[in-house]
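Could you put together the complete structure from these sequences and hints?
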Amino acid sequence: MKISEELKGKEVVDNSGNRIGKISDVKRNPESDKVESIVITEGGDATKMGLGDKKVVSYTNVDSVGDKIVLRGSLSR
Numbered sequence: 000m001k002i003s004e005e006l007k008g009k010e011v012v013d014n015s016g017n018r019i020g021k022i023s024d025v026k027r028n029p030e031s032d033k034v035e036s037i038v039i040t041e042g043g044d045a046t047k048m049g050l051g052d053k054k055v056v057s058y059t060n061v062d063s064v065g066d067k068i069v070l071r072g073s074l075s076r
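Per numbering that gives the first Met the number 0, residue 0 is the first one in the sequence shown, and the count goes up by one each step.
Keep in mind the hints are simulated off the structure, nothing from the lab.
These numbers were taken from a predicted model, which means no experiment stands behind them.
All the pointers check out, no bait thrown in.
Simulated restraints on C-beta separations:
| hint | residue 1 | residue 2 | range |
| --- | --- | --- | --- |
| 1 | Glu30 | Gly65 | 25 to 31 Å |
| 2 | Glu30 | Glu10 | 26 to 32 Å |
| 3 | Thr59 | Pro29 | 17 to 23 Å |
| 4 | Glu30 | Lys67 | 25 to 31 Å |
| 5 | Glu30 | Asp52 | 27 to 33 Å |
| 6 | Pro29 | Gly72 | 25 to 31 Å |
| 7 | Lys26 | Gly65 | 19 to 25 Å |
| 8 | Ser73 | Pro29 | 27 to 33 Å |
Heads up, the beta-carbon is just placed ideally off N, CA and C, and yes, glycines get one too.
Below, the structure written as structure tokens:
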């Protein structure tokens with residue numbers, strides 16, 4: 000399974016543990032096939048339907064990947 004498929008649907012939190020949303024899409028570099036950014040959809044049930052506010056975050060801002068994705072710092076609203 001590709002990492003992009005593993006990341007989709009995972010919950011995203013900031014480094015303080017505050018919930019940001021869930022990953023709705025993963026953008027890859029077509030030449031290197033490396034993950035460049037993640038698309039985070041904010042909002043509870045809206046996330047399940049693909050609705051809600053979306054933020055594109057560079058993959059370099061990801062601190063760790065596990066059951067949840069932890070970002071370095073926090074996202075400004």
